[in-house]
Structures are given as structure tokens and as C-alpha cells.
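*Asks:* Chains A and B, in that order, are what the protein sequence lines are. Quick note, the first sequence lines up with residues 124 to 236 if you use this note's numbering. Quick note, the second sequence lines up with residues 66 to 178 if you use this note's numbering.
Please keep in mind that the hints were generated in silico from the structure rather than gathered at the bench. What you are looking at is a predicted structure, and each value in this text was computed from that prediction instead of being measured. Keep in mind that a hint or two might mislead.
In silico SDA-like pairs for lysine to any residue, Cα to Cα no more than 20 angstroms straight-line [as the list claims (entries may be wrong)]:
id, chain 1, residue 1, chain 2, residue 2
1, A, LYS200, A, THR230
2, A, LYS183, A, LYS223
3, A, LYS223, B, PRO79
4, A, LYS223, B, ASP164
5, A, LYS223, B, LEU111
6, B, LYS145, B, PRO79
7, A, LYS223, B, GLY117
With the Cβ distance kept under 8 angstroms, some of the chain A side facing chain B (calculated, not the full set) [what the hints assert, rightly or not]:
id, residue
8, SER155
9, LYS200
10, LEU224
11, PHE226
A few chain A positions that, by computed beta-carbon distances, are all more than 10 angstroms from chain B [what the hints assert, rightly or not]:
id, residue
12, MET130
13, VAL134
14, SER137
15, GLN168
16, LEU169
17, ASN182
18, PHE185
19, THR193
20, GLN204
21, SER206
22, SER208
23, HIS216
24, GLY227
25, GLN228
26, GLN233
27, LYS235
In this text, a Cβ means the ideal position worked out from N, Cα and C, and glycines have one as well.
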Amino acid sequence: GNSVTQMEGPVTLSEEAFLTINCTYTATGYPSLFWYVQYPGEGLQLLLKATKADDKGSNKGFEATYRKETTSFHLEKGSVQVSDSAVYFCALHGSSNTGKLIFGQGTTLQVKP
Amino acid sequence: SQTIHQWPATLVQPVGSPLSLECTVEGTSNPNLYWYRQAAGRGLQLLFYSVGIGQISSEVPQNLSASRPQDRQFILSSKKLLLSDSGFYLCAWNPDRGDYGYTFGSGTRLTVV
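Whole structure, please, built from the sequences with the hints as guidance.
*Replies:* As C-alpha cells, then:
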């Protein structure tokens, strides 16, 4: 079945450091891929998405490229800020599903000043 | 534009008491609707989803039930709460297109005491 695996956290970085959060997936066909962010005490917000191979999703300085050959969708940001501290979830929608998304377990990012 | 409302924001309930959480979506018709639970420091667990009025699919056996009495209303209930029902409950919706992703509500923090 479809699944998403994220790197375990927490990830702790200093302000202005480079961020990578790894995400790999298992799916049949050509899934759509998503990154969601959850700030403390809030619901999840869509951060970016990519719907086909080699697409790059980007938003608020974050980027992720849909790599079908490595079944990956790693999240990157060149210079993190304290305000980026949150939990990040990778997710996929498989082509055979209803509207359901499959989520990874989440990665907590802590950015220190 | 579409919006999703979820209430209450926080709830403290004694063990054995009933529960009713409500979620409504505005600005769209026939949405797919979802209930998730997030235990402290954990990932997302899909509890129920619905693709239409009166159509409920349960993902895990548990002490909870869901109903969809109207097109844009989704209710999560329990007759008798357990301590293990504590958590952060999130409602989400999407149109019947997986590549759209979800829009989440702001969540309900439930503490069973």
C-alpha cells in the first residue's frame, strides 16, 4: 500500500542555517505530493505541493522537488528563521485513492536564535 | 471562498461523559470530509471520512462515531469518553480531487479527566 516516511526529529538548527527534511514515499502510479506545516496549537496548513514528476513546489522560501526516480520529496529552505519552528508533515495522494491523503509521522523543527 | 469552521477550540470533559464536536464547511458543495486525531507529540490518525451525506467510513475501531447529517456538516461523537480519547482533533475537507490536498480546521483540544 501507499506510505510516506519522514526523517525523525526533532531537527534543531540555528537561525539562518540551511534546512533539509527528508521525505520518501511508496506508491503505485503517479501520486501527488504535499508538505504541510503545523504551528504550535494550530491546525495544519498547506505549505507546498507538486503533482507530477520533476515539479518543484515552493512557498515562503521553502522548496521541494518531486523526484520519481528516488521516490522522494525533500523539503529545503536556504535560511531558516525562528518563526519557522513548527512540525512539518509530508503527504501523498495516490492515484487509486478517494480524496484521502497519506501522511508521514511529522518532523519537528526547532530554530534557535 | 471556501472556509472551514471547527468548534469548540478547547474542551475538558470527565471520563464517561458524552462528546460532540462539529465541523462545517462554507463556499463549496459535496466536499469530502475527514476527522483526524493527533495524540500529544504524535502524528495524524485518520478516524473517519465521508464522501457524501450519510456516508461514513471508519478507519479504526474505537470509542467514537461520526455522522454527516447535512452536505457540509460533519460531527464527531462519543457516548462515553475514555481517558485515551484525549488529543487534538482536526477536521479537514477537499473537493473530490486528490491533487487538491486538504484544508484543515483549527482543531479542538480535548482533555478527558
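*Asks:* Evaluate each hint against the coordinates.
*Replies:* Hint check:
no.	hint	verdict
1	A:LYS200 x A:THR230	holds, 15 angstroms
2	A:LYS183 x A:LYS223	violated, 26 angstroms
3	A:LYS223 x B:PRO79	violated, 32 angstroms
4	A:LYS223 x B:ASP164	holds, 10 angstroms
5	A:LYS223 x B:LEU111	holds, 9 angstroms
6	B:LYS145 x B:PRO79	holds, 9 angstroms
7	A:LYS223 x B:GLY117	holds, 14 angstroms
8	SER155	holds, 4 angstroms
9	LYS200	violated, 20 angstroms
10	LEU224	holds, 6 angstroms
11	PHE226	holds, 5 angstroms
12	MET130	holds, 13 angstroms
13	VAL134	holds, 15 angstroms
14	SER137	holds, 23 angstroms
15	GLN168	violated, 7 angstroms
16	LEU169	violated, 5 angstroms
17	ASN182	holds, 12 angstroms
18	PHE185	holds, 15 angstroms
19	THR193	holds, 21 angstroms
20	GLN204	holds, 23 angstroms
21	SER206	holds, 19 angstroms
22	SER208	holds, 15 angstroms
23	HIS216	violated, 3 angstroms
24	GLY227	violated, 7 angstroms
25	GLN228	violated, 4 angstroms
26	GLN233	holds, 13 angstroms
27	LYS235	holds, 20 angstroms
Hints 2, 3, 9, 15, 16, 23, 24 and 25 from the list above are not met by this structure, while the remaining hints are.
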